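Chains as they are written, first to last, in this note's numbering: chain F, 1 to 180; chain D, 181 to 660.
Please keep in mind that the hints were generated in silico from the structure rather than gathered at the bench. It should be emphasised that the depicted structure is a prediction, and the values quoted were computed from it without experimental measurement. The beta carbon of each residue, even a glycine, is placed where N, CA and C say it ideally should be. Honestly, I wouldn't trust all of these hints.
[What the hints assert, rightly or not] Rough simulated footprint, nothing fancy, chain F against chain D, three-plus residues with beta-carbon under 8 Å:
{"id": "1", "segment": "207-218"}
{"id": "2", "segment": "348-359"}
{"id": "3", "segment": "381-394"}
{"id": "4", "segment": "407-420"}
[Claimed, not checked] Subject to a maximum C-alpha distance of 27 Å in a straight line, what follows is the list of computed DSS-like cross-link-like pairs (lysine-lysine):
{"id": "5", "chain 1": "F", "residue 1": "Lys54", "chain 2": "F", "residue 2": "Lys157"}
{"id": "6", "chain 1": "D", "residue 1": "Lys557", "chain 2": "D", "residue 2": "Lys476"}
{"id": "7", "chain 1": "F", "residue 1": "Lys54", "chain 2": "D", "residue 2": "Lys297"}
{"id": "8", "chain 1": "D", "residue 1": "Lys256", "chain 2": "D", "residue 2": "Lys604"}
{"id": "9", "chain 1": "D", "residue 1": "Lys644", "chain 2": "F", "residue 2": "Lys54"}
{"id": "10", "chain 1": "D", "residue 1": "Lys392", "chain 2": "D", "residue 2": "Lys494"}
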Amino acid sequence: MPIKEGIYGLIAEFNTPTELVQATEAAYQQGYRRMECYTPYPVEEAAEALRFHKNRVPLMCLMGGIMGLLTGYGLEVWINVWGYPLNIAGRPLFSWPAFVIPGYEWTILFAGLSTAFGMLAQCGLPQLYHPLFNAPNFRSGALNDKFFLCLEAYDPKFSANETRSFLESFSPISVVEVEL
Amino acid sequence: MATHGPLHDPAVDPMIDPRTGEYAVVAPGHNFKSITQKIAGIVLTANTPIAWIGGLMFAATVALGVVAGLTWLFLKGVGIWGITMPVAWGFAIINFVWWIGIGHAGTLISAILLLFKQTWRNSINRFAEAMTIFAVCCAGIYPLVHIGRPWLGYWLMPYPNTMNLWPQFRSPLAWDVFAVSTYATISVVFWFIGMVPDFGTLRDRAQHPIAKYFYGILSLGWRGSTRHWIRYETASLLLAGLSTPLVLSVHTTISFDFAVAAMAGWHTTIFPPYFVAGAVYSGFAMVLTLAIPIRKFYHLEDMVTERHLDNMAKVMLATGSIVAYGYGMEVFMSWYSGSHWEFFMMWNRMFGPIGWAYWMLILTNIAIPLTSLWSRKLRTNVLYLFILSFIVNIGMWFERFVIVVTTLYRDYLPSSWGTYRATKWDYILFIGTWGMFTVLFLLFARIAPMIPMSEIKMILPQTKVHHGGADAETVVEEAI
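Chain F extracted, bound-state conformation (with noise of 0.2 Å):
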């Protein structure tokens, strides 16, 4: 378990995403590496200062697909081959264009769902608790219209004071501390 007291970070508050990507830029800069930005919409830039550019979505659906179809194809064959076959007007018992569609459809459905959901156990959610909902100024404005930047207070470059000075230095609405 993480360590339960003290605090989570230092969040600064901004109003416009260029204020945001130059601040997180220059706390990469300066050394910082555990650190995130929250923002209302995806803000491209924010990813490429925080050095974030691959994400293991499109793996976790090319595995889903790939299952999907071995699955489905593989279910109607053993179904129609050996577990029932029926002789329908002597057709081969191993129809294999008509077994193409719910083969597709599977795989499909395998990699929708494994994109869904691998997305969000990446991301660990559902997680209905988080520090940051704690700031005060967080729940108004993080899906609204403000852009957050918090440098997470288990970097080792993180001292409270140090810090703060740091973000204010970008002149943010405001730099407020996270209780854990």
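Use these hints to put chain D onto chain F, whose structure you have.
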């Protein structure tokens, strides 16, 4: 300036971008806050509009038709419907294909237009997807209950059972089960994942404890973290990439229900593309049927602008033209194939006892929409589009009616010819599904954000991140 002249005078109309002469996707003057206020305000208000309550009560009354229709059907069997030999497929299949076709525009808007980076889709994709799901709910009833013994419908699913009984995968009925259930599942997942960030916004703004709790659960703890957003965007794109072939495959599968039969008029290779185009055509008509009253009622003209209506009308023009080509090709092939049966089917379809349905179809699906939609003036005439969307919906219903009935009621053997007449129970169930659709849609409009806030925010000029000094282009954008 764009090649088309502006609709109105750009000097006086703030909705027109003076540089391009195009209608704006979002009205100028909006910022992040005003978008949130406007969309979240519809949901979080304590004052439910009286008209909404009235509408819900009316729709719920109509939806009782589903309850009554299904109850009587379960008690008596499918004999209460007009189906008989030789027309063993009646309203159940017509309405199934019609409803599921309506759903397709929602997926098209949310998936294909996302892949093509069409930002105008952002305002309409949410309720178009909702429309998809509710249309699939209505569609799903029919194949389930038309099988005669609906309580055994689960036999169609492959599951290990004590009877050692498995589905027959060489039958299109089993294909339908897979196609439609996958389509419904993926649509719901795509729709819900898309709403998670907006539920987060609602959770943060909700005052009432029940609303806070409700949206708190639905938002899954979303907090707008950049790493989450990037994964979310990847997932949205992948789901769009998966839904695009899915939506084409679903209606293709449904067209195979017909095309694999050796019946004149059904056994044609043009069915898959022609069915898909028809589905998108009727789906866009339904999006217009819903979007026009909603934007008026909730004053959303800022976000669902005439540009959206115009673009949707253009998609209808394109897909309608494909449908018209399909009709033309059916007629041509019935002659060119040299098949006596095909030729008779087409003659009978046009001039037989139910020929009036064919001409209704040509009138409402081809003649009226495809002549008028070329006019930019009519495409942006809201009232005209609203009326036209009903006409096209009726037209597409007639298309399915014509395909199903004219092939079956006079087939190869004249001694087995018959006719088809729907009974009151056919109509009660059909009208009931209309009520059910409306009830679901009204509930959605009241409790979920109808327009995706985060996506609208993405297309505002304020989202531009300046690297260093702002360039002239962004200065102009911000000035507007």
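**Prompt:** In ascending order, which of the hints set out earlier in this document are inconsistent with the structure?
**Reply:** Violated hint: only 10; rest satisfied.
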